[in-house]
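Asker: Read off the chains here:
Number of protein chains: 2
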Amino acid sequence: MQGVIDYLSKNEARFVSELCDYVRFPSVSAQPQHRSDVQACAKWVVQQSQEIGLEARLCPTAGHPIVIAKTPRAKTKGQRRPHFLVYGHYDVQPAEPLDLWKSPPFEPQVRKGVLYGRGASDNKGQNLAHLKAVEAYLKTGTELPCDLTFVIEGEEEVGSTSLTSFLRTHRAELACDAVVISDTGMPSLKHPALTYGLRGITAFEVTLHGPSRDLHSGLFGGTVDNPAMALCQLLGQLRDKKGRVTVPGFYDEVQPLSAYERKQFARLPFKARDYQKLVGVPELFGERGFTPLEQRAARPTLEINGLTSGYQGEGSKTIVPSWARAKITVRLVPNQDPERVMARIRQHLEKVCPPTVRMEIDAGHGAEPYVVSPTGPQAQAALRALKLAFGHEPVLVREGGSIPIVNEFKKILKADALMVGLGLPDDNAHSPNEKFDLACFTNGQLMCAHLWQELSKA
Amino acid sequence: MQGVIDYLSKNEARFVSELCDYVRFPSVSAQPQHRSDVQACAKWVVQQSQEIGLEARLCPTAGHPIVIAKTPRAKTKGQRRPHFLVYGHYDVQPAEPLDLWKSPPFEPQVRKGVLYGRGASDNKGQNLAHLKAVEAYLKTGTELPCDLTFVIEGEEEVGSTSLTSFLRTHRAELACDAVVISDTGMPSLKHPALTYGLRGITAFEVTLHGPSRDLHSGLFGGTVDNPAMALCQLLGQLRDKKGRVTVPGFYDEVQPLSAYERKQFARLPFKARDYQKLVGVPELFGERGFTPLEQRAARPTLEINGLTSGYQGEGSKTIVPSWARAKITVRLVPNQDPERVMARIRQHLEKVCPPTVRMEIDAGHGAEPYVVSPTGPQAQAALRALKLAFGHEPVLVREGGSIPIVNEFKKILKADALMVGLGLPDDNAHSPNEKFDLACFTNGQLMCAHLWQELSKA
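Protein chains in written order, with our numbering: chain D, 28 to 485; chain G, 28 to 485.
Simulated from the structure, these hints should not be mistaken for laboratory data.
Misleading hints may appear alongside valid ones.
Said to hold, decoys possible - Facing chain G, according to a computed beta carbon distance under 8 angstroms, are these residues of chain D, among others:
hint, residue
1, 245
2, 247
3, 250
4, 256
5, 351
6, 384
7, 428
8, 429
What the hints assert, rightly or not - Computed list of chain G residues with no C-beta within reach of chain D, every gap over 10 angstroms:
hint, residue
9, 38
10, 43
11, 51
12, 80
13, 121
14, 138
15, 171
16, 194
17, 244
18, 289
19, 353
20, 459
21, 460
22, 469
Said to hold, decoys possible - Part of the chain D face toward chain G, derived, beta carbon under 7 angstroms:
hint, residue
23, 239
24, 252
25, 260
26, 309
27, 313
28, 318
29, 319
30, 335
31, 338
32, 385
From the three backbone atoms N, C-alpha and C, an ideal C-beta is built for every residue, glycine too.
Could you put together the complete structure from these sequences and hints?
Answerer: Shown next, in the form of C-alpha cells:
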C-alpha cells in the first residue's frame, strides 16, 4: 500500500488541476441549454477513466448518459473476487443566482486550500477522489483485492430518472457485494463519518369536503360542519404535543436503537443552543426519551407540509369553506414499510372522520427507510478505512432524509450501500459558493485506497 | 283608514310603473362608471318624495348622497307625537354577470305578477312601498298619527360608509322612537315576518410562527414543532364535534331562548332534507338541544374561514413550514359582547399555545348582536300590521348574519330597529334575475299604512 499512498501524495497538484477541469463543465442536468455540456462532461469522465486504465464506456439513456468504468478483471484466478460498485454523479445543480458567487461557478478557484465551484463537493470532487485512488493502484502496479465498477450518472440532480431502468437491464453486469457511495457528508474533518441509515417516507393528501360551495357563515354557520375545523380536529389527533404519532400500530415495526447506536449518536458534535439558533425556533421540540440527533434521524415523524382552505387573502370573508386540504409526509425508520404505514393511517382516519364531511385521501410517493448494520463486517471495514485516512475515530451517522437510489440498489441488485461521504456541512451544496476542502479531497483519496483493502478482508 | 286602503288599491298600476322608473336607474354604488346614475337616482327619490307631499332634500356626503324626507309636522298640537325613522337604500348591487339575466337588469319587466330587475327587491321595491303608503295618507287627507323621517342612503351595498357620521351629525334631527327597516325577508307570502334579532360577529386571525424559514422535513423533522400541526391542535380544541365552543366563559352572557321564542322558531317552515340538499353536505350538524333554525340564527358559532400554511401547489414538498395561519369569525348572540368574547378567546389561546411556536393574534372587525324584545309593544304592533296586511299569522324571525347599521342606529340614536322585510327567499338579491313579487309590493304598502296606526297606539 505504501506505493499507492506515495503516488497519491506525489500527484496531489495534478489531481487538483484535473478536478478543476472536471468542475469547468457546466453539466447542469436540469437546464436544457446545458445539454451538450452534460454530454461533454460525460465524455471527459470516460476519457479520464480510460487514461487511468479502466475499461470505460458511455451508456446512452432516454435522458443524460451513464458512464460505466471497470477495473481490468483478473482472468485466471480460481477464487471469486469481491465486486463492488462505486456510485457517483457528474451532473450538477443550477448555479443561479449567479450574482451571489464570489468567483464564477464554472471557473474553479483555489483559495486557502479550498476549491470553489459548482459541483466541487456535490459530487465531482467526491467521485474523482475514488477514480484517483484506483489510478494509484493501477499506475503503481499494486494489485486491487477486488473488482470495481464505477456507475457515474448524469441525472442525480433531476431524480435519477434513467438509472432505475438501467439497473434493471444491467442487473447481471452490476451484481455486486456492496455499493460504495460518497455523496453524503461528515460533521467535520475530525469526524469522518459512515452514514448507515436513512429515513423513508410516505406522502399523502387529505381533503375534507363539506358544503357543495362556500356558504355564508352568518346564514348557515351552526348547521353545517366546517371542513377546515374538522380537518384541524382530524389531524390534530394524529400526533401528541411532543411529536409522538398516535396512529394505532404506527410504531409496531420500528426497530429500536441499539445501545451501540445510541452511543454513536452521543459522540456526534451537537450544541442545542446553536442548533436552535440555526433553525430559528422559540424552543426545541421532540419525542420524549430521544436526543435531538436521534429524533431527526432515527425516529419517525408526521409532518403537515401545507394547509389550504377557504379565503386566504387580505381581510376577512365570512364563509364556511366548502373544503379543506392538508399535504402530509411521514418520515419512516427501519423496519417501517411505507405502504403498511399508509394503510394504517388511512384506516385510522376513516375510523375517526366525522360523518358530516366527506374525506378523500390521495397517497403520494413512498420510499423505504434504509439501514445497514453498523456493526456488520462491511460497515466496520469502512470505519477502519475512514480512520486510517483521516486520523480520527469515525462516527456513525443516520440521515433524516431519503436517498431513493439507495433503495433501488437494494431492491434491484440486492446490495447494501456504504455511504462514506466526503462533504462538510458548510460546503454549500445546491447553494452559491459551493466549495470542497482539498483536505477532504486528498484524505478522501486515501480513504478510497484503504477501503478496497479493508472491504476485501471483511 | 278605508280611504288610505282604497287609494292604494286604485293606484296600484301607477305605483308599479313608478317602481319600474325607479329600477331603471343603474344606481350601482360600487362601480365608479355609475356615479352619475347613482346621483340621478337620488334626485328622483327626492322628487318623488316632494310630489307626494314630503319635505325632502339631498344631503351630500363624502360618498353618495343621502335622501332625507319628512312628513309635514303638525304645528299646533300640545302633545308630543311619536317620531319614527324609515330606513332604506336606493343603491343596488352590480348586475354582472349580465349574460345570466333573462331580461336586462335595468329594463324592468313584469312577468306573471313579478317584477324583474336589479334592485326590485333589494331595496327599491321595499322603500317605495313605504313612500306609497305615506302618499296614500297625504293625498287622501288622512291624518298620520306620528311624524316620519325617511333616511334613504346610497351606500348600503358598499358598507354604509357615510351613514354613521351622518347619524352623528344629525343626531337631534333624527332622534326617534324606533327605526323601521324593510330590507330583510319573510319565509313566504303566507309567513309575513318580523326580524327581531341578528347575530353579532368578531373576526380575528391566528398565526403560529415556527422555524425562521421552511425547513427540510427529512433533515429537521422531529426536532422542531410543526406550526401547521400546532395550529390544528390549537384550533381543534376550540369547538367540540357538535359545534359547541369550548372556550371557558364563552356562553356566560348568552341570553337563553325563551319558551315564546322557541315556539316561534317551531312555527317556521323547515324541511331538514331540503335544507341538507340546499347546502350540499353529507350530513347536517349542530349544537345538541337546538333545532337547525335555532342553531343558525340564535346560537353562537366559531368558524374557520380560511387556512394557509406551507406548500399548496401540485405534488408534494417535504418541508416543516415556517408558519401557519387561520382566519376565524365568531358569530355572537345577545348578550355577548364582541370585545369581551375576543378577550376570552385570546386568553384561552395564550394559555394553551405551546412554547415551541410563537403566536400572533390580529383582531379584526366586530359587530354586536342585536335583539329587540319580540313581546314588547313595538314588536307586537308590527306583528299586528303584518297580519292585517298579509292575512296570515306573522312569524318572528332571527337572522344569522349581521346588519351593522342596525347597531349604529342603536348606538347613536338609542333607537330600536323594527325589521319588517318584504323580500322572499327566492328574490335573487345580489344575483342575476333579481325579482320582487307585486303581491309583496301591494301587501307591503298596506302593511306600512297599518304600521303607523299600530305603532302609534303602542
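Asker: Which of the numbered hints are not met once you compare them with the structure shown?
Answerer: Failing hints, ascending: 17, 19, 28.
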